[in-house]
Amino acid sequence: MTNSILALCRHAPYGTTFAREGLEAVLACAAMDQIPEVLFINDGVYQLLAQNPQAIAEKSLYRNLQALPMFGVERIYICQRSATERGLALSQLQLTGADVQLLEDPGSLIRRFDQVLSF
Amino acid sequence: MTNSILALCRHAPYGTTFAREGLEAVLACAAMDQIPEVLFINDGVYQLLAQNPQAIAEKSLYRNLQALPMFGVERIYICQRSATERGLALSQLQLTGADVQLLEDPGSLIRRFDQVLSF
Amino acid sequence: MQFTLVVYGAPHSAQGAGTALRFAKAVLASGHSIFRVFFYGDGIHNGSALATPPQDEQDLLRQWQALQQSHQLDLTVCIAAAQRRGVLSESEANRLERPAANLADGFTLAGLGQLAEATALSDRLVSFGG
Amino acid sequence: MQFTLVVYGAPHSAQGAGTALRFAKAVLASGHSIFRVFFYGDGIHNGSALATPPQDEQDLLRQWQALQQSHQLDLTVCIAAAQRRGVLSESEANRLERPAANLADGFTLAGLGQLAEATALSDRLVSFGG
Amino acid sequence: MTLHIVNQSPHAGSALRDCLNAFAEGDALLLIEDGVYAAQEKAPLELPENDVFVLSADAEARGIAIAPDLTAIDDLRWVTLCVEHTPIVSWFR
Amino acid sequence: MTLHIVNQSPHAGSALRDCLNAFAEGDALLLIEDGVYAAQEKAPLELPENDVFVLSADAEARGIAIAPDLTAIDDLRWVTLCVEHTPIVSWFR
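Top to bottom, those sequences are chains A, B, C, D, E and F.
Under our numbering, the first residue of the first sequence carries the number 2, and numbering increases by one thereafter.
Under our numbering, the first residue of the second sequence carries the number 2, and numbering increases by one thereafter.
Under our numbering, the first residue of the third sequence carries the number 139, and numbering increases by one thereafter.
Under our numbering, the first residue of the fourth sequence carries the number 139, and numbering increases by one thereafter.
Under our numbering, the first residue of the fifth sequence carries the number 382, and numbering increases by one thereafter.
Under our numbering, the first residue of the sixth sequence carries the number 382, and numbering increases by one thereafter.
One or more hints might be untrue.
Stated by the list, open to error - Derived pair list, reagent style SDA-like, types lysine to any residue, alpha-carbon separation capped at 20 Å:
id : chain 1 : residue 1 : chain 2 : residue 2
1  : D       : K163      : A       : I57
2  : E       : K423      : E       : A453
3  : A       : K60       : D       : A239
4  : D       : K163      : E       : K423
Derived by calculation from the structure, the hints in this document are not laboratory data.
So here's chain A without its partners, still in its complex pose (with noise of 0.2 Å):
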């Protein structure tokens, strides 16, 4: 028996590298066959945000967020109260082929697993 995963992704895209890394960390574990479940939470909602970094020079981590599911990367949580806050609806934040869901108790999901990857 291999430990249960979660990754929590807290942060805003493009400001800083926590959120392309952890997607890159996401990737890794689900290829190694140690599939995480994904929280999205506080500005890390934003990232799944439709976003378009040309003028930045940057690669859509949106668009590659949308690999998850194809990688069986396919629990994907949306914290309800962060949506809430910075004034996104469900609708706004999805991924092709995933089931997101909203999730209004972040603290007892995270309970429920043995480790959990801050990014």
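Based on the hints, put chains B, C, D, E and F in the right spot on chain A.
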């Protein structure tokens, strides 16, 4: 005529190196006879609280700050609101040999200067 | 118990680098073992052989290296994060045609799979922020 | 007008490094000049010759170097901040007895006096956070 | 008059709040990088009534709709803003 | 039960507030590094009633007096806390 300079010290000591590297820059300006005035604001006011960082293997920033007046840096301000929000009294925030002034309106101080260095 | 430490902070930039080292010592002093220390994000700078702090500041590199030697620690630097930021082994420097290598002795470059493995297999994982 | 830019952000870590480069280009495109770009704090990593971003990510180093060549930019890396963090010129590496040098062509190591001078003498100073 | 530059998300860090506490009448504010999240209509902090600018490259990158009373600018206009103001203060991290 | 670790000043960043929004009954909180500024008596955020720990090395370094209802601990006790809890979540930057 050279520019008047304000150093804006906004960060707590130790958590990041902004405070230490800010002090080094201020002393370097003073050594070049470009004596800046210094405003401790936001978490920067914590720089002036007596410290004992031996257990984290750091040099005392507080002690090093005491060198400011010796280098001719004598106009030192503390943002009153920042101190009050943190429950700090002026008597806890002192530099030997300097006349530390409480400042009610940082915005009107800032605009008196040609250049502002942020740390 | 087996601990894994994930370090995001660069030395002489964020305190997390020093905190991780202190925590590692406490883990070992408590009789537990360290499965791996994984340096990620800016934390990869902990593996730079060129960092030269002033005499009166702590030298985290030498302390990590001493700990590595005395406890055969696995100090893994994420290769992708390190490439971007300019910490290279000899073989990486050759492969990427860069003029020099700067990965410190005692540290190993490896992929994110090492983080996945450590997360899956160690008893506890603790992250040290940047 | 003469601008000085102070850069605190490391490339591939904080966006400030890229923003500073874009701002520098806009300053020059506007017909103003750049007195100095001073790399301080984590910003000194902009001067690393070893940073090797993936092909599909922007290469800030080459862009700074191209700008330096075309406009004779003064790209000064704070020597004290760089020593701590492991960015060394050949002469510094020799002096400090370190195994390699990694300061990129086009960048110069110098003391904080260069920041003081630039602050005192340029018309505008803009800082780019980490 | 001062030009204040803020690069931090108003949800994640105190930079914008700290800046507004040091804002004087007639100053200008420029939101860049993650600071553009404060330029949305329902942002958590109330911005000054005049002279609030938003770097459009950063807003576009993040998919942010800029509130109508704010002014989106490009990099060249940013340079002009710097010419028009002194000092220039950056609020970051 | 989760051990939450916060290393950011409650005045400068959202890490502590974010953590408390994800705190469950029975969880423990450890304040380290700049996080210890939340351990003072008049800190800006209300902490949980039980199981709040403060790394004493960091509090002492910063000259902070820890509120009497919190528990100051050393590095060894931190390791024990980690043994007693799972998962361990760090809130930073």
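Okay, the hints, checked on the actual structure:
Between K163(D) and I57(A) the CA atoms are separated by roughly 13 Å; this keeps the pair inside 20 Å, and the hint holds. For the hint linking K423(E) to A453(E), the alpha-carbon distance of about 17 Å falls within 20 Å, and the restraint holds. A threshold of 20 Å between alpha carbons decides the hint, and for K60(A) with A239(D) the separation of about 31 Å lies outside it, so the pair is violated. With a C-alpha separation of about 33 Å, the suggested pairing of K163(D) with K423(E) is violated against the 20 Å cut-off.
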